[in-house]
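Chains as they are written, first to last, in the working numbering: chain A, 1 to 713; chain B, 714 to 1426.
You may find that some hints are simply not true.
[Unchecked claim] Take a look, some chain B residues computed to stay more than 10 Å from chain A by CB distance:
| no. | residue |
| --- | --- |
| 1 | N966 |
| 2 | A1037 |
| 3 | A1070 |
| 4 | D1088 |
| 5 | N1177 |
| 6 | A1349 |
[As the list claims (entries may be wrong)] Under the rule of at most 20 Å between Cα atoms (straight-line distance), these lysine to aspartate or glutamate pairs were calculated in the EDC-like manner:
| no. | chain 1 | residue 1 | chain 2 | residue 2 |
| --- | --- | --- | --- | --- |
| 7 | A | K712 | A | D662 |
| 8 | B | K1004 | B | E809 |
| 9 | B | K1040 | A | E133 |
| 10 | B | K851 | A | D321 |
| 11 | B | K851 | A | E330 |
| 12 | A | K472 | B | E809 |
Treat the hints as calculated values from the structure; they're not laboratory data. Idealized CB from N, CA, C, for every residue including glycine.
In case you want the letters, here they are:
Number of protein chains: 2
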Amino acid sequence: MKKIICLSLFLVAAINFSVAQSLQSPNGELQMNFSLEEEGTPVYKLSFKGNEVIKTSKLGLELKEEEDLLSNFSVEGTEESSFDNTWTPVWGESKEIRNNYNELEVNLVQEETGRNLIIRFRLFNEGLGFRYEFPEQKDLVYFVIEEERTQFAMTGDHTAFWIPGDYDSQEYDYTESKLSEIREKFDSAVQPNASQEQFSKTGVQTSLMMKTEDGLYINLHEAALVEYSLMNLNLDDENMIFESWLTPDAVGNKGYLQTPAVSPWRTIMVSDDARDILVSNMNLNLNEPNKLEDTSWIKPVKYMGVWWEMITGKSSWAYTDELASVKLGETDYSKTKPNGKHAANTEHVKEYIDFAAEHGFDAVLVEGWNEGWEDWFGQSKDYVFDFVTPYPDFDVEEIHEYAQSKGVKMIMHHETSGAIRNYERHLDTAYQFMNKYDYPAVKSGYVGDIIPRGEHHYGQWAINHYLYAVKKAADYKVMVNAHEAVRPTGLRRTYPNLIGNESARGTEFQAFGGSKPNHVTILPFTRLIGGPMDYTPGIFEMDISKLNPDNDSHVNSTIANQLALYVTMYSPLQMAADLPENYMKFPDAFQFIKDVALDWDKSIYLEAEPGDYITVARKEKGSSNWFVGNVNGNEARTSMIQFDFLEKEKNYIATVYSDAPDAHYKTNPQAYEIKKYRVNSKSELSQKSVPGGGYAISIMEADKSETKDLKKL
Amino acid sequence: MKKIICLSLFLVAAINFSVAQSLQSPNGELQMNFSLEEEGTPVYKLSFKGNEVIKTSKLGLELKEEEDLLSNFSVEGTEESSFDNTWTPVWGESKEIRNNYNELEVNLVQEETGRNLIIRFRLFNEGLGFRYEFPEQKDLVYFVIEEERTQFAMTGDHTAFWIPGDYDSQEYDYTESKLSEIREKFDSAVQPNASQEQFSKTGVQTSLMMKTEDGLYINLHEAALVEYSLMNLNLDDENMIFESWLTPDAVGNKGYLQTPAVSPWRTIMVSDDARDILVSNMNLNLNEPNKLEDTSWIKPVKYMGVWWEMITGKSSWAYTDELASVKLGETDYSKTKPNGKHAANTEHVKEYIDFAAEHGFDAVLVEGWNEGWEDWFGQSKDYVFDFVTPYPDFDVEEIHEYAQSKGVKMIMHHETSGAIRNYERHLDTAYQFMNKYDYPAVKSGYVGDIIPRGEHHYGQWAINHYLYAVKKAADYKVMVNAHEAVRPTGLRRTYPNLIGNESARGTEFQAFGGSKPNHVTILPFTRLIGGPMDYTPGIFEMDISKLNPDNDSHVNSTIANQLALYVTMYSPLQMAADLPENYMKFPDAFQFIKDVALDWDKSIYLEAEPGDYITVARKEKGSSNWFVGNVNGNEARTSMIQFDFLEKEKNYIATVYSDAPDAHYKTNPQAYEIKKYRVNSKSELSQKSVPGGGYAISIMEADKSETKDLKKL
C-alpha cells in the first residue's frame, strides 16, 4: 500500500505544482498562460510572437451575499481540445466562415465552499476568447453578481480609440488618445444624449480598439451577450489595467444567474496587421450556431425611407402641433389640425414607393406613421405607442396595395421610447399587424430612459428584452433592426433575423451637429466587431440648412465617402438615407448605390488603419461582381490598391467614384469624379482621397468588346 | 364705470372672502367644510351631527422638479350638485345599490404657475370621499409625484385597529391600540413575510378602522386605485394627524401622471353605529360603472381545492425533491424521482372532483399542477413558471374530461412569484390554455418580491399590472382571484370579473402559526371595505399536527366560527378549504357549507363591534332563504338577534350551528351543536358564542307541516 500512496501523493503534488497551463493558437503566434497566484487567484496572460501583450491579469467575480469567486481556488483538472470547421452564415461578409481554435478548459474548485468554476479559453489565430462557466452544483444554484473582476492588464500607455463608458448610450464620437489621457479628456467626450449615464472618468465601452507603440493592434470586446449585463471597462490609469465594469439594475445588482450558466466571452484580438482585426470572425464563432430552422424568409434589404426629412427637421414625425399630450385610444386625431409637416402621409409615401420601384430598391421605411408622436419623448411616458394605429393621413391598406403593385416592401417602425413593458404588451399584435400588411422587417428604437425606471439600456433586464423581441420576431418571420439597443455581440449567428442594429453614433448625428470626419474609419474597428451597423449612409446634400433653414448642421463627409460606406460599413441592411430630390441632383453618383450588393461571397480588407483609412473589396454573393470602398480620415491620402482579388482570366469594367481633386468634406463635399476603367487581376490603382473623403468602385465582369475603349488600370 | 367697477370689486371680494365652502350629506348629519388657509393652502374638515370629526386638514401634492401643488391657490369657482340613483351589481351583498351623495367641485388656480387643480368632494350619508383632479392644461401635462400630502387630522387619541404600513404586504394580524401607542407597538406588529418593507414606525395601512372615546366609528380608505400608487398613512403622533404616504417605485418616485388625470378617492366614513361602516357601499359607488358589456359568464363559485394539504405541509407543491433548481423547457421531469408527496396528481384531483360533485360544489382548485415548484420561491427567479406545462403526473386532458363528466369546473392557479414581466409574457397563452381546458377562473399569486427589482407590490407599476391582468382576463372571459396583489378599492364595480382578492392575512396563516382569534371580527371593517376577500374558511381540524406532525400550528377558531365566516366574510368566491376527510368527520356541520349561498338580494348587519363581534343576515338572491353568521372575538358573548328581517307571513326552518357550551377556539374548537327551530319574522334568538367562536344559521322557507314538531323561536 505504501508504494501506491507515495505514487499518488507524487502525482497529486505534480498536478498541484503544474497548475500553470499554456495554450497556443493554431498558428502558434499567440500564447495564453493560465495559472493560480498565491491565495488561489486565477490569472492569465497573453503573448504574441513571443512578446507579452496582456500582462498577468486576474479573473473572477464578486458575488453578493455569498463568498466571492475570486480566490482560494485550486485546479481540479484541465482539458485541451481543438476545433476546426467551416460553416455557412445565412448572410454575411463571406459565404463561408472557418472556426478554428485551440481550447483549454480549466476546472477550478474553491476549497472552503466546494464550489466549481470553469474558465474556458479559446485561442484563435487572431485572438483569445474566454468565459466563465458555472456548472450546475449543489453549492452554487442562484447567485447575484456584485461585480465581475476580469482584468486586461496593458503592457503600456497605448493609443486607444474610445467612447465614454455608459449604461445607456454609445452615440458618441470616438476620442483618439493615450490611455493616460482618458481621464482628462473624459468630460469633453460626453456629448449630450436622450439617455446616458457614465460611471467613471476612466470608463470606456467595448469594443475598445488600441494600438501599441510597437505597432500592435489590440481589440477588447465581448461575444454572445445573453442573460447577462453589458461589460464596460474601467481603467486603472496608474497601472494601465482595465477591469470589467458591468451594468447595474435598478437596485445596483449586476446580474442574476442560475446554474448552469455561462458568462459572455471576453475577447482580446491581437495582430500586427490592423486588417486582421476587421477580417476576424472570432466574435461570430464564439456564438451559438443558428437556432432558426427555416431562414428562407431572411433576406438582405436595400431601402429608402421617410425619415431623413424628420431627422433634419424639415418635416415632423408628429401629425399635429395642437396637442400638449396624447392619450392613445382617447385622443381623437380627426379633430386636430394637421401641422402640414407630417411626412408619413399616404401620398408622400407613395412617392417614395415610386422612387424605390424605379431605382430598384427593395423597401421603404416610414417613421411617424402611427399615433403618439406628439409627446413621445422625454416624459417617461409608459403607454407611448400601440404600434398598430396609424395617423389619419396614413392609409395602411392603400399603401400596402400600392407597394405590392410596385414590387416594393414596406419596413415597419416601432419606436418604443424605452418603454419596454409597453412594447412587450403590444409585441404580438404589432408583429401580427406587420404580417397582415406584409412588412418583412422592423426598425425598432429605444430612445430615452428605460421604463421600468431605474433600469438601463445595457442591463441584464433590457438585454433579456432585446433578445425576447428578436426571438418572437422570428416566430412571425420578421427581421429586426434594433436602434439604441445593446451593441451586438455576434448573436446574429444564432438568430439571423437580427439583421441590424444602430447602437452607435450613426448618420443622424450628422444632422444633429455633425460627427468627426474620420468617425467611419474607426467604427468598423469598434462598433462593428460584434455585428453590422445600420449606419444609414448615402447623404448627398451636406448642408442641412438646405433642407431645414433652422438646422445649420453639416455632414462631415464627401459624396465619394458616402458611397464607399456601402462597402466599408458592412450591413445586410443598407439605406439610401437622403431625399429623392437630392439623389436626382447626382444620378450618376446615385448609380453606385443602386448597383452595390448587400451580401457577399468574400471580403478582402486591402488596407486599414483605425482613425485613418479603410479599404475593402467584396465579391457579390453568387455573382462575379466586386465592389471596393475606401473611407479616409482627417488627412488627404493616396490609396494604392492591387486588384489581385479578381478572378484571373476575367475582364472587368471598374467604375471608380472618387473625390474630385479639390473636394473636401467641409468646403467642397459634393465634388466627385466618375471614371470607368478596364481592369483585371493584374490591375493597380492609385487613388487620392481628400479629408473625410474616399472612393467607391463597382467592378463588373465584361466582354473584352465592352471594355476595349476604356483606359486600362 | 366707477359704479360697475365697484360692484365688480365687491363681488370679487365677496367671492374671495367666501372661499369657505360647505357641503352637507343628504341626511344633513355630515358636514364638510372646505377653505383656503393663508398662503392659499386648501384645507377641509368634517363634522358629524355638529361635532368635529376631522379637524382642519391640509390637502395637496408635492411634485418633483416642479412647483408643488400645496399652496398659493385661489378658488376660481365651485359647483355643487346632487346625485341619487340605484344600480344593479352583477354580484354582491345586495341586489341593488343606491348611490346618493351631494357633491362639491372646487376649482383652484395657482397664482404664479397658472395651473389648475380640482378637488371634488362627495358627501354620502355614511361618509366623505374626495379626490384630486388634474385637468388637461398647457402648464401641467406630465408630472411626477414626490409625495401626496393629504391630511386626516384626528380629534383625539382614538382607538385604532391597524397593521403596519408596508409597501409589499398586508398579511399581518391587527393590533388594537390607541393611536399614541402605535409607535411602541410597531415592531412587534411586524410579523415575518415573503415580501415586506415598512417605511415608518407610525405608518399604517388602509382601510384604517378607528373608534373614538365618544363612541364614533371612523374609517379611512381609498376607492378606485387606478394608475396611481397605493396610499398608506403616516401618523404624526404628536398632533394626531395622519398624512398620505404613497408607495415609491424603484427610483423613489411616487407616481407618474399625465393630465387629464385623477387621484383615487380618499374616503372617510363616520358613524355612531359600527354597522353603518359595514353596510356602506360608498367605496363601490365611487368607482366607475361596469365596463364589461357581457357579464353572463361571471358567476359566484363555491369550491374546494388541492391546497390546504400543501399549506399545512402534509403534501408538496413540488413534484420532486431531487432538483436544486429548474430551468423550464430544459429540466426533464420524467427523469426525476417523484417525491411521493405531490398532491396535484391526476388520481388525487379526481378524488376532489368526485367529492365536489357529490356535495354540490361548483369547482376544484389545484395548486402545484405545473412545472417549476421546486425552486419558485426566494431566488428572485424571473422565468419561474410558464403557466401551461403540467407535471408528468397531472394529466390536464384527462382531468378536463373527468371534471366535465361530473359537472365540476376546474379553477386554475397562476403563481407569478412576483415576476410580473414573466407573467405578462405568458398571459395570453396562459388564458388561452384556460379557455381550452374550460377553467373559468384563476387564482393568481404574487408571493415574494416584485421583479423588476426595486418595484413594490403596491407601487403604480404593479397596480397597473394587476388591472392589466384583470382586463385581459375579461377578454378571455376569465374570472380573477388575485392573492398578494393590492388590496381592492372597489374596482369590481368596473370589472366584475375581479371576483376576489386575498391581500390580507387569510386562513393559510392559521397553518403558519395561527392568527388572533378575533381577526375575523376586524377584517370586514378593514380589508373588506374595498372588496370581498377569498378568506378560504371552513377548517374543521384545528390541530394542524394531525395533518403534518411537523407543524404544530393551531387554527384559532371554533367550527361554528368557521361556518359563520361563509356569511360574515363576504365573498362571491367561497372555498371549503379543509380536506374531504375532515369534512366527513362532521358531515352535519359540513351541511351548512353546502347550503350557504354565495350571492345576495339583501344583507342586514344585525350587530357589530370591531374586534368583538359581527352578526349579519343575508337573503339568498332569487330565493326566500336567509343565512345568518356571527363571529365572536376574544370574550364569550351572548348574541341577541331579532328575525324581523324575514318576510312576514312566511314560515321558516332555522338550522342553528353554534358553539357547544364548553367549546373554545383553543381547547375545544370542534365542539358544536346543531339545533333546528321554527321561525318567523317575530322570532328572536339568544345565542352564546365562545372565545373565537360564533354561529351560523340557515333559514329556509317551509310549510307549517314541516315545522310543526320544531321548537319555535
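Here is what the structure says about each hint:
For N966 (chain B), the shortest C-beta to C-beta distance to chain A comes to about 7 Å, within the 10 Å cut-off, and the non-interface label is violated. For A1037 (chain B), the shortest C-beta to C-beta distance to chain A comes to about 5 Å, within the 10 Å cut-off, and the non-interface label is violated. Look at A1070 (chain B): its CB is around 38 Å from the nearest CB on chain A, clear of 10 Å, so calling it non-interface holds up. With a cut of 10 Å on Cβ distances, D1088 (chain B) falls inside the contact zone with chain A, its closest approach being about 7 Å.
Against the 10 Å criterion, N1177 (chain B) falls within the reach of chain A, whose nearest CB is about 8 Å from its own CB. The beta carbon of A1349 (chain B) sits about 50 Å from the closest Cβ of chain A, which is more than 10 Å, so the claim that it is off the interface holds. This hinted pair does not check out: K712 (chain A) and D662 (chain A) have alpha carbons roughly 24 Å apart, beyond 20 Å. Restraint check for K1004 (chain B) and E809 (chain B): the C-alpha separation of about 18 Å stays at or below 20 Å, so the hint holds.
Restraint check for K1040 (chain B) and E133 (chain A): the C-alpha separation of about 16 Å stays at or below 20 Å, so the hint holds. Straight-line distance between C-alpha atoms of K851 (chain B) and D321 (chain A) comes to about 13 Å, which keeps the hinted pair within the 20 Å bound. The suggested pairing of K851 (chain B) with E330 (chain A) holds, with an alpha-carbon distance near 18 Å, which does not exceed 20 Å. Distance hint between K472 (chain A) and E809 (chain B) is unfulfilled; the C-alpha atoms sit about 47 Å from each other, more than 20 Å.
Hints 1, 2, 4, 5, 7, 12, counting from the list given before, are not met by this structure.
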